[in-house]
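*Asks:* Sequence:
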Amino acid sequence: MARSVFRFLSRQPESIEIANRNYLLRLPRYADYRQWYQLRSESRAFLEPWEPSWRADEMTEGAFRSRVIRNEQEYASGQAVPLFLFHKPDERLLGGLTIGHIRRGAAQNCMIGYWMGQKYAGQGHMYEALKLTIPYIFSVLELHRIEAACIPENARSIRLLEKAGFEREGYLRQYLKINGQWRDHLMFSLLAADAVPNRNMPL
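Heads up, the sequence shown is in UniProt numbering, so the first residue is 1 and it goes up one at a time.
Think of the hints as simulated: they come from the structure by calculation, not from any bench.
Heads up, none of these hints are tricks.
Calculated lysine-lysine pairs in the DSS-like style (CA-CA distance at most 27 Å, straight line):
1) Lys119 <-> Lys163
2) Lys88 <-> Lys131
3) Lys119 <-> Lys88
4) Lys177 <-> Lys119
Given only the sequences and the hints, what does the whole structure look like? Please build it.
*Replies:* As structure tokens, this is what we get:
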């Protein structure tokens, strides 16, 4: 396993950090609001075609605080691991990645979703985030399968998933309501058995 791929805050077991020299993924905090607001606001036109419709109060501080509380509850219950992605040297927010819909029992799988600020898109940051997150999912959460769905027109996301070793599995009709419309999606998956040394995404 790569050195410093992830480390935990032993003093605060309710928290988590996944980090290397350049990147940090952690749960959102109230103090992140200003950075989050600025990045999401300036990236709105870039993000809206690929996301559910933004609510009228989407960008308010109150809505963000509710989001943080909900994220903490989802993490504590084992339902999801919602993470913000930072450039570690200057603590600059780049985007977000959520390990969601975690299922145990016979399934042992999850869904991942992600977003990137427009000015940071296409620079390899989310690929590096996946390189950190995938070993955490398989080795720490001990899940068997990761799923990801994206709109067929989202060529950038498709390239990212394929580069990360995900396999295209199928076509889902009107799978999610995105930007006010039911949109078809492509389904991708990565299995724990796929993430072996000498592949694009080694553990």
